[in-house]
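Under UniProt numbering, read the first sequence as residues 1 to 724, first letter to last.
Derived by calculation from the structure, the hints in this document are not laboratory data. Hints are not guaranteed to be accurate.
Unchecked claim - Cross-link-like lysine-lysine pairs, in silico, DSS-like; alpha carbons within 27 Å at most:
hint : residue 1 : residue 2
1    : Lys185    : Lys164
2    : Lys440    : Lys376
3    : Lys252    : Lys105
4    : Lys228    : Lys164
5    : Lys481    : Lys353
6    : Lys164    : Lys252
7    : Lys526    : Lys497
8    : Lys376    : Lys527
9    : Lys376    : Lys529
10   : Lys376    : Lys213
11   : Lys481    : Lys527
12   : Lys353    : Lys252
13   : Lys213    : Lys185
14   : Lys481    : Lys526
15   : Lys440    : Lys348
16   : Lys654    : Lys579
17   : Lys353    : Lys376
18   : Lys527    : Lys497
19   : Lys228    : Lys252
20   : Lys579    : Lys526
As the list claims (entries may be wrong) - Between beta-carbon pairs, the in silico distance windows are:
hint : residue 1 : residue 2 : range
21   : Arg550    : Asn487    : 13 to 21 Å
22   : Thr221    : Arg243    : 16 to 24 Å
23   : Asp329    : Ala218    : 28 to 36 Å
Think of the CB as a built atom: it goes at the ideal place given N, C-alpha and C, for glycine as much as any other residue.
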Amino acid sequence: MGLHFACQMSFLALPSFLFEIDMASLKAVPEMDAQEAADEHARLVVEIEGHDRRYYQDDAPSISDGDYDELRKRLGEIEERFPALKGVASPSSKVGAAPSERFTKVRHAVPMLSLANAFADEDVTDFLGRVRSFLRLPADAPLPVLAEPKIDGLSANLLYRGGKLAVGATRGDGTEGEDVTPNLKTIADIPEQLNGTDVPDTIEIRGEVYMAKDDFLALNTRQAAEGKQIFANPRNAAAGSLRQLDAGITAKRPLRFFAYGWGEASSLPAESQSDVVAAFARWGFVTNPLTRLCTSAEELLAHYRAIELERGALPYDIDGVVYKIDALDLQRRLGQVARSPRWAIAHKFPAEKATTVLIGIDVQVGRTGSLTPVAKLEPVTVGGVVVQNATLHNEDEIARRDVRIGDTVTVQRAGDVIPQILGPILEKRPSDAVPYVFPKTCPVCGSHAVREVNPRTGREDVVRRCTGGLICPAQAVERLKHFASRNAMDIDGLGDKQIETFYRDGLIARPADIFTLEARDARSLKKLKDREGWGATSVRNLFAAIDARRTVPLNRFLFALGIRHVGEITAKLLARHYKDVVTLQEAAVEAASREGRAWNDLVAIDGIGPIVADAVVEFFAEEHNRSAVEDLLEHVTTEELAGPVSADSTVAGKTVVFTGTLERITRDEAKAMAERLGAKVAGSVSSKTDLVVAGPGAGSKLKKASELNIEVISEDEWFTRVGA
DNA sequence: ACCCCTCGAGTTCT
DNA sequence: CTCGAGGGGT
1 MGLHFACQMS FLALPSFLFE IDMASLKAVP EMDAQEAADE HARLVVEIEG
51 HDRRYYQDDA PSISDGDYDE LRKRLGEIEE RFPALKGVAS PSSKVGAAPS
101 ERFTKVRHAV PMLSLANAFA DEDVTDFLGR VRSFLRLPAD APLPVLAEPK
151 IDGLSANLLY RGGKLAVGAT RGDGTEGEDV TPNLKTIADI PEQLNGTDVP
201 DTIEIRGEVY MAKDDFLALN TRQAAEGKQI FANPRNAAAG SLRQLDAGIT
251 AKRPLRFFAY GWGEASSLPA ESQSDVVAAF ARWGFVTNPL TRLCTSAEEL
301 LAHYRAIELE RGALPYDIDG VVYKIDALDL QRRLGQVARS PRWAIAHKFP
351 AEKATTVLIG IDVQVGRTGS LTPVAKLEPV TVGGVVVQNA TLHNEDEIAR
401 RDVRIGDTVT VQRAGDVIPQ ILGPILEKRP SDAVPYVFPK TCPVCGSHAV
451 REVNPRTGRE DVVRRCTGGL ICPAQAVERL KHFASRNAMD IDGLGDKQIE
501 TFYRDGLIAR PADIFTLEAR DARSLKKLKD REGWGATSVR NLFAAIDARR
551 TVPLNRFLFA LGIRHVGEIT AKLLARHYKD VVTLQEAAVE AASREGRAWN
601 DLVAIDGIGP IVADAVVEFF AEEHNRSAVE DLLEHVTTEE LAGPVSADST
651 VAGKTVVFTG TLERITRDEA KAMAERLGAK VAGSVSSKTD LVVAGPGAGS
701 KLKKASELNI EVISEDEWFT RVGA
């Protein structure tokens, strides 16, 4: 969706007010009038929900448990005095009796990870090679791998306590899903009670909820006959059926379940993936019959091809084959990278392709000024979804593929999600089609758009950027969206749509304007609540959401500024090193001269090199950026980044350096292990290092450690210390 | 001087 | 999710 602005939009200078909220001592509840109570209630709801989200989803609570309890208590008091405020919108309804309109969120005890993908045979052999080298297994050592079809459904997590189904949830974002227990209980393949002598006290069973193909067709026939919604494919039908608020409806839908894995478990009935899954079958689950234990790459690939041949004849949809290292001790040693395990991979079937006509190319302007071409396509169904847009990435990509407007092009959904344009079908090219000429000026503000030259490589950057900066309305809007977005300032109710209209109407032009919105609205004749689509409640909620972010963790604030090359992680690094914005700004200004300590300090931070440091320096060198930050700080207080709240291991929060040859595990394993225990692994010894683990052959790092008086231990001592 | 991995930035659709 | 760039190690 492109932005459509009147091209010559004047840059709006908005009055900036000093604004202070009256955070004076809270009134005793009985003295409040209904309006005050409603206001405070709304404010508390937003604040509590924000904390909940940070706690459950981001794993980064920003207040103490005690303070959080205070907020909940205050909310309870107000609701007791003004029961009308107890609504579905209140987080208190989660613990209260009122049934929520949505499903309750459930946090998975062990996150539900996603799998890395393999598309070619080579990716599979690479995977096995990586596993062997990570584990230091010789090429001829046996390495059993379990292969099973990847069912195209939705994964679910079933928590059994004492053998009884306690909670069933969807995968959600992997960390937190929705509680759909009553719905899952209607599925015949899901036992409510597990039978067996080796059933653990507590175990989370994981598997796939799906709908068989013929059941899906029958359901659609029935739905059509009753004039109800028909589903695009079995997966959508399964998802729609599972997420019914009325479990009675789910019961009438022919859902099935294959068990294939587990999350938290108080104990396990076996020491290999295949044996544990076999135990699931004994306990009463259905497991997939095409599961096979293989011992070589050839065998895995043969099984893949066998399944691929049988694919059409199978009673359910599948989109690939999953390979899992069978031995659980090896799985544990392999651990995980980012959010997928290193011991499993999904070998996908080739993506479905379709052809359609390229009817146009839009150019979007990003917050950094980047011009991104987006293909406008004649709508076409690919993999069960109608695709109308597809990114063309950049200028070079269009030239490389030589796609022209009017061309018939091949489209596929890569990794099953993002549509990709593979290229034109030349035989179908209209005779008058001309090569696409990428605009050299910004389509929104008309400024020159240039490809910067990378100072390191001397090569041109792939992206062309609008040089309009401040005067480009598209950039201004995108920056504001970024500022308010969930991982940045996280201002609820100030979404993309709102920002676009507020900007267009001159209400918000710069970040600081967000925080003066309420005060200006109070004086304005044209009130927000009179705008179309707005009411008194939504305005109150918005102001409450804004107020809730008048204090934010420094890392969020820095990320929100949108400094080039400073994303979430780098913002955290900066926040950890400089305890407030002013300190960072002073350091950046000082570093501009490259004399004195400031520049060296900046580049010394692990993860920050000259390019990133330069971006920070340049940001604060701009007068308008400094004044934007200054104005923001009139309204926003930053707080220090809370230290990593991690496992109570002895090395949690410590910075560890591994050096020399490690004999029991590889370097990668050591790093993964330390990180699992909440430690930060650094590459070189500095004053920030807490612990050095040295193997034989350690050299300069060991010397440096003793100079700095840092504790050095051996690999064996490391294992003792972390209790492994 | 390269190679690998992580991070940033941009994107689609339900 | 994917691509390219940046950082850091070899």
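Tested hints:
no.: 1; hint: Lys185 to Lys164; result: holds, 11 Å
no.: 2; hint: Lys440 to Lys376; result: holds, 20 Å
no.: 3; hint: Lys252 to Lys105; result: holds, 24 Å
no.: 4; hint: Lys228 to Lys164; result: violated, 36 Å
no.: 5; hint: Lys481 to Lys353; result: violated, 34 Å
no.: 6; hint: Lys164 to Lys252; result: holds, 23 Å
no.: 7; hint: Lys526 to Lys497; result: holds, 20 Å
no.: 8; hint: Lys376 to Lys527; result: violated, 38 Å
no.: 9; hint: Lys376 to Lys529; result: violated, 37 Å
no.: 10; hint: Lys376 to Lys213; result: violated, 32 Å
no.: 11; hint: Lys481 to Lys527; result: holds, 22 Å
no.: 12; hint: Lys353 to Lys252; result: violated, 34 Å
no.: 13; hint: Lys213 to Lys185; result: holds, 22 Å
no.: 14; hint: Lys481 to Lys526; result: holds, 24 Å
no.: 15; hint: Lys440 to Lys348; result: violated, 40 Å
no.: 16; hint: Lys654 to Lys579; result: holds, 19 Å
no.: 17; hint: Lys353 to Lys376; result: holds, 17 Å
no.: 18; hint: Lys527 to Lys497; result: holds, 18 Å
no.: 19; hint: Lys228 to Lys252; result: holds, 14 Å
no.: 20; hint: Lys579 to Lys526; result: violated, 41 Å
no.: 21; hint: Arg550 to Asn487: 13 to 21 Å; result: holds, 18 Å
no.: 22; hint: Thr221 to Arg243: 16 to 24 Å; result: holds, 22 Å
no.: 23; hint: Asp329 to Ala218: 28 to 36 Å; result: violated, 45 Å
Hint compliance for this structure: hints 4, 5, 8, 9, 10, 12, 15, 20, 23 are broken, all remaining hints hold.
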